[in-house]
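Trainee: Listed in order, the protein sequences are those of chains P and W.
Position 48 of the first sequence, counting from 1, maps to 876 under the working numbering, and the rest follow consecutively.
Position 48 of the second sequence, counting from 1, maps to 876 under the working numbering, and the rest follow consecutively.
Calculated from the structure, these hints are not laboratory results.
None of the values given here were measured: they were computed from a predicted structure.
Since the list can't tell identical chains apart, any single copy or any two copies may satisfy a pair.
With a straight-line cut-off of 27 angstroms between C-alpha atoms, the simulated BS3-like cross-links for lysine-lysine are:
no.: 1; residue 1: K843; residue 2: K966
no.: 2; residue 1: K1145; residue 2: K1086
no.: 3; residue 1: K1106; residue 2: K1134
no.: 4; residue 1: K1145; residue 2: K1104
no.: 5; residue 1: K1083; residue 2: K1145
Read off the chains here:
Number of protein chains: 2
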Amino acid sequence: MKQIENMLGFRESIKVVDATLRDGGLVNDFFFDDEFVRRLYQANIDAGVDYMEMGYRASKKVFDETKFGKWKFSGDEHIREIVGDNNTPLKLAVMADIGRHDKNDFDECANSPVDLVRVATYIHQMPEAIDMIEDAHKKGYETSCNIMAVSNTQEQDLRVALEMVGQSSVDCIYIVDSFGSIYPEQMARIVDIYSDFSVKYGKKLGIHAHNNQQLAFANTIECCGDGVDWLDGTYMGMGRGAGNCAMELLLGFLKNPKYNVYPVLRFVEQNMVSLKQKGIVWGYDLQYLVTGLLNQHPRTAIQFTKEGRTDYSEFYKETFN
Amino acid sequence: MKQIENMLGFRESIKVVDATLRDGGLVNDFFFDDEFVRRLYQANIDAGVDYMEMGYRASKKVFDETKFGKWKFSGDEHIREIVGDNNTPLKLAVMADIGRHDKNDFDECANSPVDLVRVATYIHQMPEAIDMIEDAHKKGYETSCNIMAVSNTQEQDLRVALEMVGQSSVDCIYIVDSFGSIYPEQMARIVDIYSDFSVKYGKKLGIHAHNNQQLAFANTIECCGDGVDWLDGTYMGMGRGAGNCAMELLLGFLKNPKYNVYPVLRFVEQNMVSLKQKGIVWGYDLQYLVTGLLNQHPRTAIQFTKEGRTDYSEFYKETFN
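Produce the complete structure using the sequences and hints provided.
Mentor: Following this line, the structure appears as structure tokens:
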């Protein structure tokens, strides 16, 4: 049993990462206006958040620029329009999604407002992910390796992948519960596996959770108690499908006095309630429970949502087969 | 660490209790129509639920019958209209809320469709609660003692109360996180305290969780892993304020083949989506996070909800002081 006494103290090594623009962007095709982004940036500074993910840096050779907001591509020039030289304690991140990125889109870190490159990869893409990590590392960036869909991965394969990335220059290795299908008790076991390699190679661990079974926050604090240091949250839980660990829950839980939940509450009321009212939909609903329970990608549940369906039992039968 | 291997098996001693009519009734003043209740009863039978709570049995000397639906009073005659003689494996419960009940409203169990009397009490009302437990026990009912607001209770007082109820005829002692303010790690500690007495006196333990911090399900399965046998859920999480552990999540998690999530999904789509559309409001929102975080009764958050407010940051300041 973990020690409750420690819940009144805090661990300096914990870092909170705001992934609202990136995972939330999957809900509205990244059409956040500049004022929203500017306010979110300020809220993160005021709340003591450690990293703000400014979106994906997707390749324009893969995606049509006219079909998405700019935070899908999140160029240095887009970011500078918001943050100038970012003379704040808040560090900035972008995500490179393996197979849909182009490492030539990354300038030297010294020329960029970006501090951290998060490399999202499926386990079968590890060599390309490591190539990207090394490229970003050489350019001077901090890097993380976000191995997606861990719930769908064989433990032996996972151990091979962790050995590979352990030997790389990466700073942090993420557990990513893409399907929102992991229970806290299982999460503790997964952290155990990751820890074998993070300890051996001196890497940090991170957690990125989804809320399909209302467990994103629970899994995040389970990981936190198990020694995982980098914790992803999104304002109001905004993210694909059932969304993510809510930043307001996470900052309410963390005891380091540098964190402050108040700016998060204010940002949500001033900027996100209206998003919901405009019909942007995310968050737990029974179709996401179904795909989470069945350990499947949420794409069918997202389609169910888009079609305005509520015949959950029919969806369960469709999805089960 | 708990043993993940066990997550594929199941414990025969687990009982699932549907509290939709009772805790959900707090949201709509118990105005469920008979067809809703009849279908819920059938869904519970089909889903393999062990107990269905048919509402409160509140005293008509305390509450005005014209202001509430009948499931606040849930007389034997009301219940019989739905279940007849209830020749099914599903057992039925009502809740007696100490100070707002009348033990004379309870006939002998042999004359009643009710199997279980759940006695809800604050810790300072223990003698009256035990009086009610003994009365119900003598009449032939199973009984539980649901000690509310455990997060607001001193451990020394809690141990005294558990010693008192341990010595009573009660069958099951409930942990009730009325304010939704307990984290899973704390829940494990609370189960430890309760277990000292449940083991000593041969009682079952139960968990009734609230979702203020999106932890109702997580806390319920934490308790389940720690040996708590009676697990409360409500369909779609319907319950006061942020609501409860969702039945669909709970039955998705439990592995005993007698449980089936499908009838729950079907009931929700056919009977509860429309409740939400009619404007009946429950479930996680930031005002409930605030009262949960501050370990307060949700009444101010419920009022905030009723007023249609979304100025969460102002509410935080009001509530903090």
